[in-house]
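Colleague: Sequence:
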Amino acid sequence: MTRALQLAGGLDSEVSGYRTGDGALAARPELTAEMAKKLLAAVTGCMQEAVQRGGDSVAARDAALRGWGLEGAGELEDCLGRCCKQAPEDAFLRSWLALYRELARLAEPAEVPVRASPELLRQARRRGPGSSQSSGPGVWDACD
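So for the sequence shown, our numbering puts the first residue at 29; every next one is plus one.
Be a bit skeptical, because a hint or two may be false.
Quick list of the computed label-pair ranges, beta carbon to beta carbon [unchecked claim]:
id	residue 1	residue 2	range
1	Leu149	Ala91	42 to 48 Å
2	Arg122	Ser145	38 to 44 Å
3	Arg155	Asp84	39 to 45 Å
4	Pro137	Lys66	25 to 31 Å
Dumping the calculated SDA-like pairs for lysine to any residue here, alpha-carbon to alpha-carbon at most 25 Å [to be verified]:
id	residue 1	residue 2
5	Lys65	Ala87
6	Lys66	Ala92
7	Lys66	Glu117
8	Lys65	Glu105
9	Lys65	Gly100
10	Lys65	Glu103
11	Lys65	Ala132
12	Lys65	Leu108
13	Lys66	Ala78
14	Lys66	Arg110
15	Lys66	Val86
16	Lys66	Glu77
17	Lys113	Glu99
18	Lys66	Ala87
19	Lys65	Val86
Calculated directly from the structure, the hints in this document are not laboratory data. Idealized CB from N, CA, C, for every residue including glycine.
Build the full structure now, drawing on both the sequences and the hints.
Modeller: Set out below in structure tokens:
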């Protein structure tokens, strides 16, 4: 079991096992709704402070999670998912979770695939590979 969560008294009586990143078997931490709210308040507070300072909010989140005995955002999401299923009517928990997810979304923006406009693709097909307007057809340009 995670030591910080044990000390905080936030573990339910039933814990199931899972494999950690290094393959070791560990107990899966289970949060109560009250402990989840405290955890989310601490984590979002650290992330907001990092944003205010112009720092790395992902690093701040990870440090706060390690302080609570969690390995990372994946383990946090697992715990929160199970906790929200146990207390679906808890509006405060849902609010804290929404704030955390918004901060996490902004901290780790999704990668957007690079796409060329249809006009650029048509021009590239007409000119052929490696050619440019300045060099003439068949001459390769060096790029930095």
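Colleague: Looking at the structure, which of the earlier hints fail to hold?
Modeller: Of the numbered hints, all hold.
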